[in-house]
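Engineer: Between the sequences and the hints, there should be enough to build the whole structure, so can you do that?
There are 2 protein chains.
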Amino acid sequence: MIQPAAPLSPPSRILLGPGPSDVPPSILAALGKPTVGHLDPTFLAAMDETRDMLRAVFATENELTFPMSGTGSAGMETCFVNLIEPGDRVLIGSAGVFGTRMAEVARRAGAEVTVVEGEWGRALDPERLLAAGQGGAFKLLAAVHAETSTGVLQDPRELRRVADELDALLVLDCVTSVGGVAVELDAWKVDAAYSGTQKCLACPPGLSPVTFSKRAVEALSARSTPVQSWYLDLSMIRNYWGSERAYHHTAPINMLYGLHEALRLVLVEGLAARHARHRTNAAALWAGLEALGLELLVPAAERLVPLTTVSVPDGIDEKKVRAHLLREYSLEIGGGLGPLAGRVWRIGLMGSGSKRANVELCLAALRSALAEQGYTADNDPLAAAAGVYAAD
Amino acid sequence: MIQPAAPLSPPSRILLGPGPSDVPPSILAALGKPTVGHLDPTFLAAMDETRDMLRAVFATENELTFPMSGTGSAGMETCFVNLIEPGDRVLIGSAGVFGTRMAEVARRAGAEVTVVEGEWGRALDPERLLAAGQGGAFKLLAAVHAETSTGVLQDPRELRRVADELDALLVLDCVTSVGGVAVELDAWKVDAAYSGTQKCLACPPGLSPVTFSKRAVEALSARSTPVQSWYLDLSMIRNYWGSERAYHHTAPINMLYGLHEALRLVLVEGLAARHARHRTNAAALWAGLEALGLELLVPAAERLVPLTTVSVPDGIDEKKVRAHLLREYSLEIGGGLGPLAGRVWRIGLMGSGSKRANVELCLAALRSALAEQGYTADNDPLAAAAGVYAAD
Chain A
1 MIQPAAPLSP
11 PSRILLGPGP
21 SDVPPSILAA
31 LGKPTVGHLD
41 PTFLAAMDET
51 RDMLRAVFAT
61 ENELTFPMSG
71 TGSAGMETCF
81 VNLIEPGDRV
91 LIGSAGVFGT
101 RMAEVARRAG
111 AEVTVVEGEW
121 GRALDPERLL
131 AAGQGGAFKL
141 LAAVHAETST
151 GVLQDPRELR
161 RVADELDALL
171 VLDCVTSVGG
181 VAVELDAWKV
191 DAAYSGTQKC
201 LACPPGLSPV
211 TFSKRAVEAL
221 SARSTPVQSW
231 YLDLSMIRNY
241 WGSERAYHHT
251 APINMLYGLH
261 EALRLVLVEG
271 LAARHARHRT
281 NAAALWAGLE
291 ALGLELLVPA
301 AERLVPLTTV
311 SVPDGIDEKK
321 VRAHLLREYS
331 LEIGGGLGPL
341 AGRVWRIGLM
351 GSGSKRANVE
361 LCLAALRSAL
371 AEQGYTADND
381 PLAAAAGVYA
391 AD
Chain B
1 MIQPAAPLSP
11 PSRILLGPGP
21 SDVPPSILAA
31 LGKPTVGHLD
41 PTFLAAMDET
51 RDMLRAVFAT
61 ENELTFPMSG
71 TGSAGMETCF
81 VNLIEPGDRV
91 LIGSAGVFGT
101 RMAEVARRAG
111 AEVTVVEGEW
121 GRALDPERLL
131 AAGQGGAFKL
141 LAAVHAETST
151 GVLQDPRELR
161 RVADELDALL
171 VLDCVTSVGG
181 VAVELDAWKV
191 DAAYSGTQKC
201 LACPPGLSPV
211 TFSKRAVEAL
221 SARSTPVQSW
231 YLDLSMIRNY
241 WGSERAYHHT
251 APINMLYGLH
261 EALRLVLVEG
271 LAARHARHRT
281 NAAALWAGLE
291 ALGLELLVPA
301 AERLVPLTTV
311 SVPDGIDEKK
321 VRAHLLREYS
331 LEIGGGLGPL
341 AGRVWRIGLM
351 GSGSKRANVE
361 LCLAALRSAL
371 AEQGYTADND
381 PLAAAAGVYA
391 AD
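If you're matching them up, the sequences are chains A and B in order. The numbering used here applies: residue 1 is where the first sequence begins, and numbers increase by one. The numbering used here applies: residue 1 is where the second sequence begins, and numbers increase by one.
Hints listed in this document are in silico derivations from the structure and should not be mistaken for laboratory results. Note that this is a predicted model, so its numbers are computed, not measured. Any given hint could be a false lead.
[As the list claims (entries may be wrong)] Cβ-to-Cβ under 10 angstroms is the rule here; a few derived chain B residues that face chain A:
| # | residue |
| --- | --- |
| 1 | P7 |
| 2 | V36 |
| 3 | H38 |
| 4 | F43 |
| 5 | G72 |
| 6 | M76 |
| 7 | R107 |
| 8 | A222 |
| 9 | P226 |
| 10 | I253 |
| 11 | L263 |
| 12 | P313 |
We put the beta carbon where it would ideally sit given N, CA and C, even for glycine.
Structural biologist: Spelled out as structure tokens, the structure:
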């Protein structure tokens, strides 16, 4: 007979990895508020507020905007299974784990996928996307706005230009951008986008906000085959989030409380102020890392503010460094994925985790961890970071 | 510019509908514990404990046992998309919303589906399933153990007998049974099962525990096509829950804290004691409802303990009754779905919601709501319920 485990007492971490990021107390408190029914009038009102606030952070008027009941990858799959019918052609720009994942998800949805592979750590070249797409009758072009595996920001306006040339829908992965850097879906004419809660929204993982343009909704309506996933079928889920309130699946009530509070905190701070905060703290981190003699993987012009990839110096055991940070500072940073495994660290300054105290602690902790392996730098990373704050 | 909403202050409800059910304070508190990373050593240990406790509540030794990152319907879809390849034949017994949903999900996964329709409010006849399946080369037989839309309990041993005759895998929907009535997956030789968190486990909605037998795992390994859903592909997710700890998607950390605590409470109480508690409270509710002159939809021998369907008397506006309960008592019960809409109420006594105080309050509230519409009964429902407790 299996005995019950002891109650959990998770440690207080400082989460500076690729997500989840640190969760503010009021969001944790929201998760623990009393559960109500998924058709309770008070909950329906909270859903409407959540949708309005999601539109604000996506900068869209899209009617079809709500959180899917799964993590970011469920949001990705939602976009592809709803917009693709078997045999549709899809063009995907990929230079990281999440671009690669997009291609795999699209293939499983029955698409004929053309992938334009870019260098990991660099933005995609729109001209190569255009060349690969020309004459191809592509239904959609998809790429990642903020590639969490490499720390690269892609310009969606260039993607839109390519999609316009190809007369294709544009699907954008905004998992690590929403709430941390400018996301302007209507201005950019993005047709479908998805995000996650556990990055710059600073909510625990578990939901994936999605949004679909009018043109994307027309594509949904024009389908001749059912969506292969019942769970992710927007034609049904929209009837629950819409005025019909038709039961589809039982909404994850308490996670939605958390998202409601997370969106509230974003709007209370203001999007512009929040993005500026993320920029300043990232600039201070970058200055400190460079003072430590560490190289950043991504050129400054293509660098993603909320997530920084740092090359591991020769001779350093990167896992030992992360273990030192966790043990001595209760501080988490991420390792590399795929071809970057063992070669980079990933440092996230996301949501409420993006603050001066975390930047300076992270730099001090890294210096200490590197010193343990005999690596020392000539310059003072904390002074370099302080210089950025002083100039701000 | 959209303004931030006010912080949520959800009301304290008594949730006696079809789920979510009332969530105990320690589970709500667990949801709000500090978020850690999905590869944090303390979290990996919590995952192992969660898996062990899940095996206990499923009464299985199945290696492949863990919660999917979605609600119960995601668990249903997980079973079908992983076990089915296009063209596979599937036999489904359906006498309610969730049997109907199974057939739809299986079709979308590419199965050739044969449905044996039963009467809503009655158990399925195994002989009819057998007759429909004979000579059919069915890969799997699927049915609902506890049909939440009708309040019927199906005997899995009879389903297994049919599946054995057909040499088919047996898939069982245990959403409303786990934690409330006996579930003995290994003894019953069930090959795949899924549940939800928001019923008799008394945790908020958002996760779906699943489990797969050795024979089911062999079927997964023998696939010649990829699973159509990337998000639900067990061949990858098992590498995160297994010793490899390979990243697939970011686990919903805080929801998993909640499930860990929910499972802990089940095992602290003990499965046998918990099932007995559910039985006693249901018996008291049934006695009280009958004293009120109300008819129960399901014959006693096929009745589901955690969820009772009550026929709405002629001339009663059932929505007004539910509105009265919510307004005057902050008490939620459910309405009917599909062909039972407007014809039944659904009263759940699930998890920690299954207690004497709730039974008696529900009976008193129903009596009051019915009296508002001029309906009175000769007998005292509270006395009838008290009689059951006295005899217990």
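Engineer: Hints the structure violates: just list their numbers, smallest first.
Structural biologist: Hints 8, 12 not satisfied by this model.
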